[in-house]
Each structure stands twice: as structure tokens, then as C-alpha cells.
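Undergrad: Given only the sequences and the hints, what does the whole structure look like? Please build it.
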Amino acid sequence: MGRLSVEKGKRGEREAAAAIRRLFATEARRGRQYHGREEAPDILTGIAGVHFEVKRTEALHLYHAIEQAAADAGKNVPVVLHRRNKRPWVAIVRLDDLPDLAVQLYLTLAGLVPLKTPRTCLKCDRWFGSDGPANRICPPCSRENDERYGEMDERWLAAQRGRKYRNGEPLP
0 MGRLSVEKGK RGEREAAAAI RRLFATEARR GRQYHGREEA PDILTGIAGV
50 HFEVKRTEAL HLYHAIEQAA ADAGKNVPVV LHRRNKRPWV AIVRLDDLPD
100 LAVQLYLTLA GLVPLKTPRT CLKCDRWFGS DGPANRICPP CSRENDERYG
150 EMDERWLAAQ RGRKYRNGEP LP
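Residue numbering for the sequence shown follows numbering that gives the first Met the number 0, starting at 0 and increasing by one per position.
Hints may be right or wrong, so weigh each one.
[Unchecked claim] In silico DMTMM-like cross-links for lysine to aspartate or glutamate, where the CA-CA straight-line distance does not exceed 20 Å: (1) Lys85 - Glu66; (2) Lys9 - Glu26; (3) Lys9 - Asp71; (4) Lys7 - Glu57; (5) Lys85 - Glu14; (6) Lys74 - Glu6; (7) Lys85 - Glu6; (8) Lys74 - Asp95; (9) Lys74 - Asp99; (10) Lys74 - Asp96.
Since the hints were derived computationally from the structure, they do not count as laboratory data.
TA: Structure (C-alpha cells):
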């Protein structure tokens, strides 16, 4: 793949992340792209249970893109975000996955606790996901993060769309 194609892909991922932030008022940024798997989606977002695969190309091979997203998504809902030159972004999801996607988007927009809360490593300040207290290891720097994570998660949740409440309870 040529350098210009790689740069176009990176720009596309940043554009798609900006669109996710605008539409859902949640954290979204370009992920680390060292190999395709559940822990390394194209876009890291505050939308739990959704794996975004970004394709910024003129000629999209639709089913190949969906299969790649599904293979990388693991248990998450695979969503392909695609945009051609001078065209709007489109989201492509398998029909069978549409109910699960709707649930995850509802939970995000309703301000309910996400199933997977992103965390910021206290050492390297990189953002990574956690499935609970058992996963406190930051993959990039291999640091085990401590009990201060409860505070970090609360701050992240409070920052989501300027929310002041979670599950009907006021946040500190």
C-alpha cells in the first residue's frame, strides 16, 4: 500500500472519529493500527460493544470489508464506516447485528453505564479498554494500574456529554 493511501486512510479514520464525536457526544479517536483485533479497532469510542472499521476508498469491496470487521470485532458489533470522495459517510452493518447496535447506541445516548469503560493509563496516558477490575494492565506499556481506576472511570463517565447523573444518581 502506498504512502498516500495510508495517509488517506489515517485522515479517514480521524474524520470518522470526529463524526462519531459530533453525532453521539462521546469520546472517539483513531486507534493504534498494529494488527487487526478486538483491542485495536480503527476508532476507539465510548460506545461499548461496537467495533468500527473505517474504509476511505473509492472502490469498496462491501462483503470483504464486512468480513474483516466481523473477524476483528470478536464479540462486539462490527460496523463499517465508508466514505468516497465528495460523498457523505455511510455506516454499514449486517441486518442480524442491527438490534445489538441499536441497544448499544441507546445505552450510550441514554447515559447509562457502558459495558466496557475506556481508561487512561496512569503511566503512559494512553487510552485502553477494560472489562472490569480483572483487566488493569495497559497493553502498550504493560503497567498494572491501581485502585485509583474507580476515580478515573467516574471522571470519564461524568465527562460524557457533560452528564451530571448516571443511573439516576448524581456524580461527584
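Undergrad: Compare the structure with each hint and give your call.
TA: Consistency of the hints with the structure:
1. For the proposed pair Lys85 and Glu66, the alpha carbon gap of about 26 Å is over 20 Å, so the pair is violated.
2. With a C-alpha separation of about 18 Å, the suggested pairing of Lys9 with Glu26 holds against the 20 Å cut-off.
3. For the given pair, Lys9 sits about 18 Å from Asp71 by alpha-carbon distance, which is consistent with the 20 Å threshold.
4. Distance hint between Lys7 and Glu57 is fulfilled; the C-alpha atoms sit about 11 Å from each other, no more than 20 Å.
5. For the given pair, Lys85 sits about 13 Å from Glu14 by alpha-carbon distance, which is consistent with the 20 Å threshold.
6. Our distance criterion of 20 Å between C-alpha atoms is broken by Lys74 and Glu6, whose separation comes to about 29 Å.
7. With a C-alpha separation of about 17 Å, the suggested pair Lys85 and Glu6 falls inside the 20 Å cut-off, and the hint holds.
8. With a C-alpha separation of about 14 Å, the suggested pair Lys74 and Asp95 falls inside the 20 Å cut-off, and the hint holds.
9. For the hint linking Lys74 to Asp99, the alpha-carbon distance of about 11 Å falls within 20 Å, and the restraint holds.
10. Taking the CA atoms of Lys74 and Asp96, the gap is near 11 Å; set against the 20 Å cutoff, the hint holds.
Consistency note: the structure conflicts with the earlier hints numbered 1, 6.
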